[in-house]
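Position chain B against the provided structure of chain A, taking the given hints into account.
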Amino acid sequence: MKKINILAVITWIVLILVNLPFLVIIPSSFTAAGFLSFPPEGFSWQWYTMILERPEFIDSLIFSLELAAVTAVLATILGTLAAMALHRYKFRGSGIINSLLLSPLTVPSLIIGISALLFFTKIGIAGTFTGLLLAHALISIPYVVRLVLTGLSTFDYTLEKAGFMLGANPLRVFWDITLPLLRPAIVSGMIFSFLTSFDNVTVSLFLVAPDTTTLPLAIFSYMQETLDPLVASISTVVILLSLVFIILLEKVYGLERLFGLNSQSH
Amino acid sequence: MNKRLPVLLLTAPSMIILLGVFLLPMLLMFLLSFENAQESFSFENYLLFVQDPFYVEILWRTIRVSLWTVLTTLVLAFPVAMYMAQATGKMRGIITMLILAPHLISVVIRNFGWVVVLGEGGWINQMLLSLGIIDEPLRLLYNELGVVIGLTDSFIAYMVLAIATSLYAIDPSLSKAASILGASRVRTFFTVTLPLCVPGIFAGVTLVFSLSMSAFVTPALMGGTSVKVLPVIAYEQIMSTLNWPLGAALAFLLLGSTILLVSAFTKIVETKRYKEVFAS
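For the protein sequence lines, the chains are A and B, in the order given. At position 160 of the first sequence (counting the first as 1) the number is 162 in our numbering, and the numbers step up by one without a gap. At position 125 of the second sequence (counting the first as 1) the number is 272 in our numbering, and the numbers step up by one without a gap.
Same shape as in the complex, but just chain B:
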């Protein structure tokens, strides 16, 4: 008892903020999401998802954009993480700094930079036009491509860190042993390095997927009005249409479907690994 008292006292201010600004409001939001236009309890807002093809399409678009983001971050981050694992301490520090520093600058500003680069009169289009490679400006912005580029830029650091951390942990003598036993570089990579960094890839994939699913700023700025993902629709319901129950329900549906997809993915990966273990 005399142990609990100081803890309760010292954690109380933080816990009050946690309860008052987070747990209680979330509970209220959850209850509100079951309210219909007549202010009585109903599943209307949630059923909309099954009945209205508009919302199904929005959810599918959100998932699609997130999956593309996972794929591009994975493809780009893997070589970076491999290089970091091989690099000397000083070089590793420089790369870490250059990949993490942008992360601490507002996403609004990073997106703005991309708008300048990718826009119709932007740098890339100007260059391609003046070189005569294209006749008309390419549409690189205000479509799903633009959103995926923006999200990839936002979340690649998480993927790099997740994979790099698992690569750092691999005992270098394992690759050495493989090459002494006559395995080629490619073979060593596929039979030693890759299987050992699966947990890192897995962590990166689930993290980037969850972050992409709930991203709001980048889809709003780089997708424009044509690529409305679920967070943008939820925002509109809350702030423009002022249908708070529906907005709350949409936000929880987003969270629910993210958790569902991530745990399904976890299940598949685990089952596959068990099979591998028992097969060998």
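Isolated chain A (complex conformation):
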């Protein structure tokens, strides 16, 4: 019995440690002081009203949300189509396509970022929304493919056949039978793509320009110059936003299942 208690104690210490950044950031964003301190001094909303006076954070927040939303839609549509085709029609060579589609997960983001910068500069889309969108879609599609392939592994094709026999056209079968059955996998693929894009730093780093900056990068560059409670308040906004999507993901699919898939790559 004693051994289990030791394990429990270590487990909870680790759980507190990995959540410590948030336990520190959220309270210190409400400080009344002019500098960063923990525990915070007094209570005020001043650092939240300060965000409104900093257009770089507002603009990059809106830019990040737009980028993440478009990335999520694009990656989900493309990834779902690819996964469905790969699962339904197996032939010599489909395995190669499958592993190619998953390959961006095995290469460090640093290399993806640098190579995208070099190529995008050549074709003139470095520092544009399009460039960022393509790069974010590239790193999100593998997750969608994996999630949808997993969803398909338990898919019952006789249901589609039944639909055809009853006289439904292919589009109707797809819309009324296939899609609803795959919904959890597709929706979680979409949320995960959204978060992948919204959180990304290492790939975005090489592809942003002053007027196309994502929020994590705006925070990243601000942090390298100044450390004040403004970082805490803007971070709190991001934490709460991310939390909404994390809870959604947990409800739709379950984090354990999601990460069980992802634990072998990055």
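Treat the hints with caution; some may be incorrect.
Unchecked claim - Quick list of in silico lysine to aspartate or glutamate cross-link-like pairs, DMTMM-like style, CA-CA up to 25 Å:
1. Lys-375(B) to Asp-282(B)
2. Lys-163(A) to Asp-178(A)
3. Lys-92(A) to Asp-213(A)
4. Lys-414(B) to Glu-291(B)
5. Lys-124(A) to Glu-191(B)
6. Lys-375(B) to Asp-199(B)
7. Lys-375(B) to Glu-291(B)
8. Lys-124(A) to Glu-383(B)
9. Lys-124(A) to Glu-204(B)
10. Lys-124(A) to Asp-213(A)
11. Lys-253(A) to Asp-158(A)
12. Lys-92(A) to Glu-43(A)
13. Lys-237(B) to Glu-227(A)
14. Lys-124(A) to Glu-182(B)
15. Lys-375(B) to Glu-227(A)
16. Lys-375(B) to Glu-191(B)
17. Lys-237(B) to Asp-318(B)
18. Lys-124(A) to Asp-178(A)
Since the hints were derived computationally from the structure, they do not count as laboratory data.
Frame of chain A; chain B shown alone:
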């Protein structure tokens, strides 16, 4: 043929992105890494690694920081995974949620939290100073220690998952059999549980090592200018010095040395296991 056509059509959009944003750019980057200042082909950028002690030191520092990260994640993650394997379904769910949720929030924000905790005027130093345990603030940040703390926080979830998955797969009747045969808890752990979760530990170690080697954000924010690891140097060559060929070469050297070290490790582990099998 009529099977291939729909696959090719439906995978085409994804494949175009893959080719255009990933495979082709990587090929170009690889070719560029062999370009010297005169824009002709040479191994100059790669030879720098052998000739210039500066780059050797940077590589060694990157490896050292990664190894420390592997060690700390392993030591901290193992008890957590053990506890998860013993816990009931509901408890397991809560722990999983609490360890994975931070993972989905930007690393920039997590690092910022650690800066607030570990800084010279940070929470830990304030507490230790006011308790009179230390006279001067400890340097917990902007050195290798800070980077290892940040990386451990970033990657511990991977280690926990890898080990927990292998522990879940162990048949509980094996430990029961061991204890019926009179083995103590400690003995059961070392002769039954530990050997069976070696594949999980192995997966966690290689994954965390590879991730740490190529980490950029945490070393930049928690190591400052004093702990420049290889990804940071590569970034500077690309974005500040604008020496793209050298930056590209450094990134590939990073990838190459990571693959080399991971496969050497794999080889050692495998040989050892074969020896064990044949010895018994």
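Hints, verified against the model:
no.	hint	result
1	Lys-375(B) to Asp-282(B)	29 Å, violated
2	Lys-163(A) to Asp-178(A)	13 Å, holds
3	Lys-92(A) to Asp-213(A)	45 Å, violated
4	Lys-414(B) to Glu-291(B)	29 Å, violated
5	Lys-124(A) to Glu-191(B)	24 Å, holds
6	Lys-375(B) to Asp-199(B)	16 Å, holds
7	Lys-375(B) to Glu-291(B)	9 Å, holds
8	Lys-124(A) to Glu-383(B)	20 Å, holds
9	Lys-124(A) to Glu-204(B)	33 Å, violated
10	Lys-124(A) to Asp-213(A)	20 Å, holds
11	Lys-253(A) to Asp-158(A)	23 Å, holds
12	Lys-92(A) to Glu-43(A)	63 Å, violated
13	Lys-237(B) to Glu-227(A)	44 Å, violated
14	Lys-124(A) to Glu-182(B)	16 Å, holds
15	Lys-375(B) to Glu-227(A)	17 Å, holds
16	Lys-375(B) to Glu-191(B)	22 Å, holds
17	Lys-237(B) to Asp-318(B)	20 Å, holds
18	Lys-124(A) to Asp-178(A)	44 Å, violated
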